[in-house]
Structure formats: C-alpha cells, structure tokens
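A.B. asks: Residues per chain are reported as follows:
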Amino acid sequence: MNAVSAPEDLAVPVIRMRGISKHFGGVTALENVDLDAYAGRVLAIVGDNGAGKSTLIKILTGVHQPSSGTITIDDESLVLDNHSDAIALGIDAVYQTLALADHLDPAANMFLGSELTRRFFGIPFLDNRKMRKEAERVLDERLGVKLRSMNVAAESLSGGQRQAIAIARAVYHSDLRVLVMDEPTAALGPQETARTLKLIKVLREEGLAIILISHSLDDVFEVADQVQVMRRGRRVGVVNTADSSSQEVLGMIVGAGAEGETS
Amino acid sequence: MSTQESTLAAVSAGRSWQERLEPYLAIVGPLAMIAMILAFMAVVEPARYFRLSNLNIILLEAALYMPMAMAMTFVITQRGIDLSIGSVAALTGIIMAFAIKQYGFPAWVAVGMALMIGGTFGLINGLVITRFKVPDLIGTLAMDLVYRGFALVLAKGLVLARFPDLITDIGRGRISGFLPIPVLIGLITFIVGAIVLRKTWFGRYSIAIGSNPESAEMTGIAVDRYKVYAYVLMGAMAGLAGVMLTGKLNAIQATSAPYFNLHVIAAVVVGGTSLFGGRAYMLGSLAGVLLLSLMINALVTLRIEFFWQSVASGVVIILSVGLYTWLQKKDRDGSKGVLASLSTPDNRKLFKLAAVLILGIVSLIVLGFVFATTTTGSG
Ligand SMILES: Nc1ncnc2c1ncn2[C@@H]1O[C@H](COP(=O)(O)OP(=O)(O)OP(=O)(O)O)[C@@H](O)[C@H]1O
Ligand SMILES: [Mg+2]
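Heads up: the sequence lines are chains A and B, in that order.
No gaps in the numbering here: position 222 of the first sequence is 222 in the working numbering, and each next residue is one more.
No gaps in the numbering here: position 59 of the second sequence is 59 in the working numbering, and each next residue is one more.
Note that these hints are calculated values from the structure, not bench results.
Note that beta-carbon positions come from the ideal geometry of N, C-alpha and C, so glycine has one too.
Take the hints with a grain of salt, since some may be wrong.
[Claimed, not checked] Incomplete in silico selection of chain A near chain B, CB under 8 Å:
#: 1; residue: 82
#: 2; residue: 101
#: 3; residue: 108
#: 4; residue: 116
[To be verified] Within a straight-line C-alpha distance of at most 27 Å, the following computed BS3-like cross-link-like pairs (lysine-lysine) qualify:
#: 5; chain 1: A; residue 1: 201; chain 2: A; residue 2: 146
#: 6; chain 1: A; residue 1: 133; chain 2: B; residue 2: 199
#: 7; chain 1: A; residue 1: 133; chain 2: A; residue 2: 201
#: 8; chain 1: A; residue 1: 130; chain 2: B; residue 2: 199
#: 9; chain 1: A; residue 1: 146; chain 2: B; residue 2: 199
Isolated chain B (complex conformation):
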C-alpha cells in the first residue's frame, strides 16, 4: 500500500504544476490576450485608446454582453448552444418599446415584461430541443429566423426611439463617482451566476449533464428539465440585453443586435468553458467579454473597417477552441512533436489537396488576367 502511495505521490509531483495551473488556465488565457492588446495599443495609439471616455465606452459595450455570457456559460456547459439570442434581444426590445410608446405602459412594467417574454422565448427554444428533439444548433438557428421575422413584422422599418429615464438608466446611466449602471447589472448577474454554478442543483447538474448526459440520466437527474431551465435563463438574459441595448442607444429596431450570438459564444469559449461540455468557468466568461470588447474597441480606434470585427470574432472562436482542445489532449497523451504529428500520411494527402486547390486558383487568376477584356477599366 505504501509503495503504491509513494508512486502516486511521485506522479503527482511530476505533473503538479500543470494540475495546479489548470483551474486558472481559463483566466490566464484571456488575461494574457488582454495584456497583449493593451500593450499593443499602448504603443500604437495610447492617447485615444486610454482616454477615460473611451474606457467608459469599452465598459458599456462589455456590460451589454455580460448577462448573456453568464447564461451562455450554463448552456454551453450542458453541451448546448443558443444561436437565437440576438433576435430574442431585438424582439423583446421592440415589444417593450411598443408597450411603452403605443400602449403607455409604465417603464418598469415593460422591463419586467421584456425579461419574462425573453424567458418564454427561451422556454420555446428549450422545448423545441428537448421535446421535438431538434438538435440545438438547428433548433435555435431556426428559432432565430422566427424571432427575427416577428421583429420585422412588428416594427417594419421603424426605428423606435426616445424612452423613459428608467430604460436609458439601465442602458447607460451611471451612479456618480461609481460604476455605470449597466456594468453594475452585468457584474451582479455574474456574481449570481458564479454562486448558482457552485452552490445550486442547477449548476451542479449543468456540469454533470455536459460531462456525461447518459450518466446524469442514470443517476436520476431530470436532464431535459435542467436543459430547459438553462435555455429559459438564456432567454431572460437575452431579454435583459434587449432592454440594455434599447437604453444604451435610446432606440431599437428590428435589425438590432445582429451578431450577439457569435460574440457571446466567443466570449464564453475564450474564457475556457468547453464546447464539449462539463467545464464551466464563470470568471473566464467575464474575462472573455472584456477581452472581446477591448479587441473590438481597438479595431475601431485603429479605424479598421467595421466588417473586420466579424472576421476577428470568428478567428478568436476557432483559435481558442483549438487551443484548449490541444492543451487538454497534450496533458493526456504526453507531448508529441508538432512536426511529427503533421507528417502523417493522412496529413500529407491533405497538404497535396490544399496545394492542388491553391494551384488551381492561382492558375485561374493568371488565365483571368491573360484573357481579361478592358471594358471594366473605366467603369
């Protein structure tokens, strides 16, 4: 027995730095990237990037995504995904706007409605996934079309603007000498989310479900019900984001919030929550939200075209998922040379395929220039 223990101890000493680092990996990654962005901007454009007013803009931008990132952490931990949150935010925002502007509802009633209606949309998503057995990716993508469609039907091309103080306070107000109100709201949702994750059945079962759905089922966990809960939370937080967005711009229209889904998923994934389920890092998600806001603001400050943001978000998702997967694989199989693993027969065939494609494109471009007619020159 004692020899067994001592070998165990030896093994543990050998990999202890990795083991000890693991819980913080999620936060170290985004923090390192944040540091890189800050360092880069400090060299390239310090005056405009580090202005107090610009930092305020970054925080307000980040705050908008915080509640959604908190909820998405639960959804993704359960191996789910929700692509409909942008449309849910736009539609709840528009319903709230109509309630206030057309029917004269008091603002606080309309805000409450937005949260509840968002939650109801989440409930519909959850039922589509668990009862109709539509895979979450397709289910929420289809529901995204539905919610966006309703938003367009309701608002047509209208921009609904000018809202009561409560709404603009939620979106961009500030407690003087302290944080902006939306930042406060975002941080509170994260604190609540962290407690729920560690200290409640919902949090515990979310990890168990994502870790191994069959096991969860066998230990008597109502897997489908807890999945629905996660989507309801997600919908309610998307509704809250709809309110915050409306308040931030003091306006809402049917096409608002187009890329919420990928932005929020990117933030959560960058923060170390695994798309393969079972690993949840609330603090990582918060860091991820901050990182994305810093990055996008940096792009804006550098006057890089808006459309590059979409390129950047996509690249960040791919890089971070790939990186975390690679890190996890490495500490399981022992490290192998990168070059050695690249030169397998399969990979060589793929390289050849890539070479053929690139060669084809290049030769077509050459042919295009050779046979080009000059008509388009003057346009």
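Isolated chain A (complex conformation):
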C-alpha cells in the first residue's frame, strides 16, 4: 500500500464522513463531525466519556442513521440502512460491548449474521462443522488463539478470548476494507493488550483502514498514524502522531489548549 508513504494531501481517503450530526430525542450526540480514514493507516479517535465516539462509528457501520451529513466510500456516496449494508461494503466493527451472544459457542458467534450453509435438496442448512473448523483455523492462524474447547458457551470464556472471537468475526471476511475497533483493549491485561496492538499493526500492513477508539493514549501513540479528538459531540482537531505528543492531545481532549471551542 503506497498510501502509507504518500503525502497526506495526495492520498484519497477510503471513508469520508462530512457534516455528520446525530440527535437522540433531545440529546445531541454529534454535531457537524467530519472523518477521513485511509487505507493502510490507523486513525485513532479519542475523547472523554460521552464525547460521541461510539455514536460516530456506529453511524459508519450502519447501526445508527445520521440525522444529517454524508458518508462516501471511494468517493461514492453511501446510505447505510443497517449493519448488513456496511458489512457488504467491507466495513465492519468490533464493538465496545463485543456484541457476542453469550449462550452460543465460539464458532456460532464468529459467524453470527453471516453463517456458512450447505444445501440439502435446495434448502440451505447451517454447516456447523465447517463453521467450527474455520473458526478454529482463523483464531489460530490470524490471532494466535487456541481455545481449550470449541464446545462451550461464549459466556464461559475470558475477556481476551471473547475479544478474539469478536475480532475474528470482523477479519474473517476477505473483502474487509475498513475495520472499526471500539476500545478493544479496555478490558484486557497487558499481555493481551500487546497482542491486540500487534494484530492492529498486522492488519494495517495488509492495507486495511483501521479506526481505533481508545482511552489509552499510550496505545494510541504506539499504533495510530493520526488522532482525531472529539469533545461534546464535535471534532476539535486531527493531529499526526509523528508530530504531536500525548500532552498536546490530552490538552485537546479536556479543552485546555489553544482551541477556541471550549465555550
């Protein structure tokens, strides 16, 4: 991916969100927010609790519909009615809550919403055996995770294992282009955090556009190319990690910097 080395103004963003606003009843979660994500780059989104980070990416993944604003992928405009639309276009997400069904086994969870099937007399039936094999393979080969048993319900797995399943679900699609991760390391120990960050780097090398939401500026400065700072539903700035510091970003998050939007 040459986009990595190209100067920013020459690269074309895969995803371009413009003027996104979102109201929940009387609550304004987002107001006139822009976002650009590039192939082969990691864009971090940071901001305080309730700044609108999750809402913004849920609009990108079709879970919420924006009150106003436009989204384009490769300069073609998008209307996402639901999450399946986004997946079909190669946009998928690992949510803060992981979105697992606790009573289903790892393979069923990994393929939830896009099950593999086999036809008997023209009727499609779930191919549980193949899904299990594929799940085992993807978890092992791409994420380096081996589960003790593929037969247990997801609720009995550890936080890291659950997260691995959620990530495996997103990266399984070979036509994945944009991966959104909402606080992927929040519930993880140091070892599992390091593994997740390594995985993010691998995926970036493969040319995915990655959007990472995180409260950990250490993580952000380790893997991200750019940081987009959100405050109270607005974008207050975008900086390159190469020419910025966590001090500066922290200032932007709390609104103490030179920004004129604190009022």
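Knowing the structure of chain A, use the given hints to seat chain B with the ligands on it.
C.D. replies: Frame of chain A, contents of chain B with the ligands only:
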C-alpha cells in the same frame, strides 16, 4: 503460555462434571420427576394408572400439546411469551368447524385453513409486539381476549360436533400396531423443531436474540422479523392444536382450550428452556409435555378435583423456574450456605412482614369465630 494452559486444564478438571452434565440437565430434571410420579403411582394406584388404555389417554393428551410446546420453545428462547394460544386454538377450531358444517368445505381444505389462519393470528401477535411495541406479556394477553371474544361471537353457546374422518383421525386416530396419529404428528413437529433449532438461521438467531438482543441487532440480525417468525410458527401450531382438539373430542366450542397457555409454558420451562432467553432445549420441552400429562393424569386417577390441576401447573412453573435459576447462579458465584443467605437483614425484615400478616389473619379468624352469629349454621 504452558502454565496458563495447565491452570486452565486444572480449572476444567475441577468443574468438568458440572460442565459435562449441563447439556443433559434439562432432560435429567423432568426425567427424574417423571420417575418420581411413576414410582408414586406404582405404589398407590398401579392397576388403573398403568392400564394400556390409560397410557393411551396420557399419550393422546400429551400429543395435543407437543406442536405448541415445540413452537413455544422458540418464542421463549427469544425472551418472548405467548399467552393467546388457547384462544387461537379455540377460534381456529371454530372457524374450521363452520367451514365444514355450514359451508360444506372439504375437510382437508378446512384443516389447511386452520393452520394458515392460526399463523395469521400469530402474525398479528408478532406485529403488535414488534411494531406497536406492546410488551409481549400484555400484547398477547390482550389478543387472547380478542380471539376469545371472536370465538364467542361466532359460536355463541353452540357446541359444534361430529366431524369428517380426517379431523377425528388427526385428533385420535391410530395407525394399527403403531402409534396414535396425533402422537406421530406431535413427534414429527418436535423432530422438525429440533432440526430447525440447530440447523437453520431461524434457530440460530432465536438463540442469539434471546441471549442478547442488542448484540443480535448489532451483528445485523433482523431481530423484529425473526421475532415475528416465531409468533407465526406459534400461531400455526396453536391452529394445529385447534384441529387436534376438535378431532380428539369430535366437538369444539368457544370456551374450549382455556389453560393451553400456562400448560404449554410450564412444559417448556420444566424442560430447561430459560424464560430469560438464550437457552433452548427441544428434547426438554418434549419431556416437559410428557411430565405434565403424566402428572395431570395421575391427579385424575387419584380422583383429585379438576381444579387442583391449575394449582399443580402453577406450582410446577414456579418450582422449575426457581430451580434452574438457582442452579445457574450457584455455579457462577460458588456455593454459599442456604441458611447464611436466608439470614440477611433484608430477609429478616421480610420474615417479620410475613409474620405480621399471618398473625393478622389468625387473629381475624379468631375474632370471626368469637363474634360469629349462628344464622348460617342450618343454611
Ligand atoms: N442509543 C442512544 N440513545 C440516546 N442517547 C444516546 C444513545 N447512544 C448514545 N447516546 C448519547 O450520545 C452521547 C455520546 O455517546 P457515545 O456512546 O457516542 O459516547 P462515547 O464517546 O463512546 O463515550 P465512552 O467513552 O463512554 O464510550 C452521550 O451523551 C450518550 O448519552
Ligand atoms: Mg463508547
């Protein structure tokens, strides 16, 4: 890494008997209760209970509930409930009866109609719940009144009786040397239900929806649509039960099938399907249906008044839901002494409240006797 794995293995060895037992818990529970009933009846009333004709009665009774229990397993797995099935069965039965007796429809057309109309009622239930956002408990309870009302409007106080052979065959026929036809129908619906649960999108998504509706929504599952499907299946199976009931009695009236809802819910819940969603046990539901039929027949055999059946069904629901919840809690938090958990400050206050209420009732009874006038004595 290896130390991690070995600790995992140690943990797994520690609780493996529980883990290994878990999938069968649903079936072990009802089977144990069935064994208890059989043992009890073998001591108390073996001659009449274990007569072949009585076993046939038990099976026919159970068969009536099998299709509904199969469908209710999906509904409850999705965290739903359907309280309208008794009225749906009665109303579809009456519509079928009118089609045959008043308009001379061929029986097979009328049976097909009953299934489709039942499915349509289920569709209405599903839309009430998903589109009007009426909670399922209230929505289906209200629709129960509506369907029952229509049944009464249509049939007035009439008992519609004497139907073509096809209907009575469905209700109580027998393939000679083999099972009764309704039992066969019930078992087939259960086999199909088990396959659908494990092998189709509908089954998989029913578990996902009941397990965590928000997650299901976020993975792109059309939650509302699959909920509607479950209610349509439920309605169609209630319609089938209406046909089976009409055939079994060779008669139908507007007040038929009064307690189908609680009976079917009890059977499903006894079988280990969780009212909190996500846990479905098709085989458990079948065992639950058999258990309830055995129990009710035992009550009848012992000449216990009919009304006690309603007491028994209610108690069975409470006991099994409580038991499964307790079992699940226990293996999550580690076991704590029952006595210790009973003597919390909150519970002590509740005990006091209960004591006050009981004391109040007792003293009122005493006062009642003290001041009783003797007028009612001779009646
Ligand atoms: N479904 C919803 N209905 C109503 N309000 C919502 C909904 N989702 C989010 N909000 C509101 O929108 C605002 C932004 O929430 P959002 O979840 O996007 O914050 P966030 O930046 O992800 O915070 P956190 O760091 O805590 O995850 C909050 O005020 C929140 O209360
Ligand atoms: Mg969030």
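A.B. asks: Next step is simple, just say for each hint if it's right about the structure.
C.D. replies: So, going through the hints one by one against the coordinates:
no. : hint           : in the structure
1   : 82             : holds, 6 Å
2   : 101            : holds, 4 Å
3   : 108            : holds, 6 Å
4   : 116            : violated, 11 Å
5   : A:201 to A:146 : holds, 21 Å
6   : A:133 to B:199 : holds, 16 Å
7   : A:133 to A:201 : holds, 26 Å
8   : A:130 to B:199 : holds, 12 Å
9   : A:146 to B:199 : holds, 25 Å
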